[in-house]
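Take the sequence shown: its letters are residues 1 to 230, numbered as in full-length UniProt numbering.
A couple of the hints might just be wrong.
Mimicking EDC-like on lysine to aspartate or glutamate, the simulated pairs with C-alpha atoms at most 16 Å apart in a straight line are [claimed, not checked]: (1) LYS18 <-> ASP207; (2) LYS186 <-> GLU215; (3) LYS186 <-> ASP138; (4) LYS20 <-> GLU229; (5) LYS18 <-> GLU61; (6) LYS91 <-> GLU61; (7) LYS18 <-> ASP138; (8) LYS75 <-> ASP85; (9) LYS75 <-> GLU94; (10) LYS20 <-> ASP226; (11) LYS15 <-> GLU94; (12) LYS48 <-> GLU71; (13) LYS49 <-> GLU24; (14) LYS48 <-> GLU63; (15) LYS109 <-> GLU131; (16) LYS228 <-> GLU19; (17) LYS206 <-> ASP113; (18) LYS18 <-> ASP205; (19) LYS75 <-> GLU8; (20) LYS15 <-> GLU71; (21) LYS45 <-> GLU71; (22) LYS206 <-> GLU24; (23) LYS45 <-> GLU63; (24) LYS20 <-> ASP113; (25) LYS18 <-> GLU131; (26) LYS91 <-> GLU71.
Simulated restraints on C-beta separations [unchecked claim]: (27) ASN165 <-> LYS206: 20 to 28 Å; (28) GLY218 <-> GLY100: 42 to 50 Å; (29) VAL44 <-> ASP119: 38 to 46 Å; (30) SER107 <-> LEU7: 22 to 30 Å; (31) ASP85 <-> SER195: 31 to 39 Å; (32) GLN88 <-> ASN41: 22 to 30 Å.
Hints were generated in silico from the structure; no laboratory data involved.
Yeah, the Cβ is synthetic: ideal placement off N, Cα and C, and Gly gets one too.
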Amino acid sequence: MDESDILENNQYFSKILKEKLSLEYSPVAIKFILNSKNIPNGMVKIDKKIPHCAMVKIASEGESFYSTSQEQACKGGSASLGLEDMPQNIKTGEFYYSLGRFKSIGSAKRTFDRTPQIDLRSFALGYAPLENANFQADVIVLITDPNGAMILSQSIVYTLGGRINANFAGIQSVCSDAVAGPFITKDPNFTLACSGSRKFAELEDKDMFVGLTGENIGCVVNALLDIKEK
């Protein structure tokens, strides 16, 4: 499939997702860029240092760009996404314990150990509103509300049935929960965000995130079209 066909498909997917889920923001296409030769055409490097969650929000508002580890302000998030090594104080649990989020270092470490982490080392991550993405997304991140998430969950189980297994702990939500998890498992994930992402992405109380696999977006969109509206 050439670049123009990919863009056309992504425009269609974005249109349906926005309409059926009443999205306030554009779905965000995420691409793992293995080396500098794989940067999508026309994509430029972001010119500021901010956390991954803030980058997702900026992309949802219309900007397209890529980021290496140097532009990622949150090193835990950057490492979770495979851009660099995880800081030692996060691996041990000391960092999250110091924030007062856990009663002990042990509980912080146990939580971190179960948080999705990508082993693959990438040169950069690409971010774009889905309707402007001229590349096939590895993961698609949605900022939605509980009603939109409910409709999306119905579309996910529409064809084969089953249950939604949301995996989150209120930390590393947009990096690990919404991107790393779906990339590793190839399953969608729902997350209620975390204190950091709510601050840096300037979320409203109603906002939450859903991470979808790029390979399965066509099935999700088809189900949204088939489901009878209430």
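Each hint, compared with the structure:
no.	hint	verdict
1	LYS18 <-> ASP207	holds (15 Å)
2	LYS186 <-> GLU215	holds (8 Å)
3	LYS186 <-> ASP138	holds (10 Å)
4	LYS20 <-> GLU229	holds (9 Å)
5	LYS18 <-> GLU61	holds (13 Å)
6	LYS91 <-> GLU61	violated (33 Å)
7	LYS18 <-> ASP138	violated (19 Å)
8	LYS75 <-> ASP85	holds (9 Å)
9	LYS75 <-> GLU94	holds (14 Å)
10	LYS20 <-> ASP226	holds (11 Å)
11	LYS15 <-> GLU94	violated (43 Å)
12	LYS48 <-> GLU71	holds (6 Å)
13	LYS49 <-> GLU24	violated (25 Å)
14	LYS48 <-> GLU63	holds (13 Å)
15	LYS109 <-> GLU131	violated (39 Å)
16	LYS228 <-> GLU19	holds (14 Å)
17	LYS206 <-> ASP113	violated (29 Å)
18	LYS18 <-> ASP205	violated (20 Å)
19	LYS75 <-> GLU8	violated (35 Å)
20	LYS15 <-> GLU71	violated (30 Å)
21	LYS45 <-> GLU71	holds (9 Å)
22	LYS206 <-> GLU24	holds (11 Å)
23	LYS45 <-> GLU63	holds (11 Å)
24	LYS20 <-> ASP113	violated (36 Å)
25	LYS18 <-> GLU131	holds (10 Å)
26	LYS91 <-> GLU71	violated (21 Å)
27	ASN165 <-> LYS206: 20 to 28 Å	holds (23 Å)
28	GLY218 <-> GLY100: 42 to 50 Å	holds (43 Å)
29	VAL44 <-> ASP119: 38 to 46 Å	violated (28 Å)
30	SER107 <-> LEU7: 22 to 30 Å	violated (46 Å)
31	ASP85 <-> SER195: 31 to 39 Å	violated (24 Å)
32	GLN88 <-> ASN41: 22 to 30 Å	violated (38 Å)
In summary, the structure is inconsistent with hints 6, 7, 11, 13, 15, 17, 18, 19, 20, 24, 26, 29, 30, 31 and 32 from the numbered list given earlier, while agreeing with the others.
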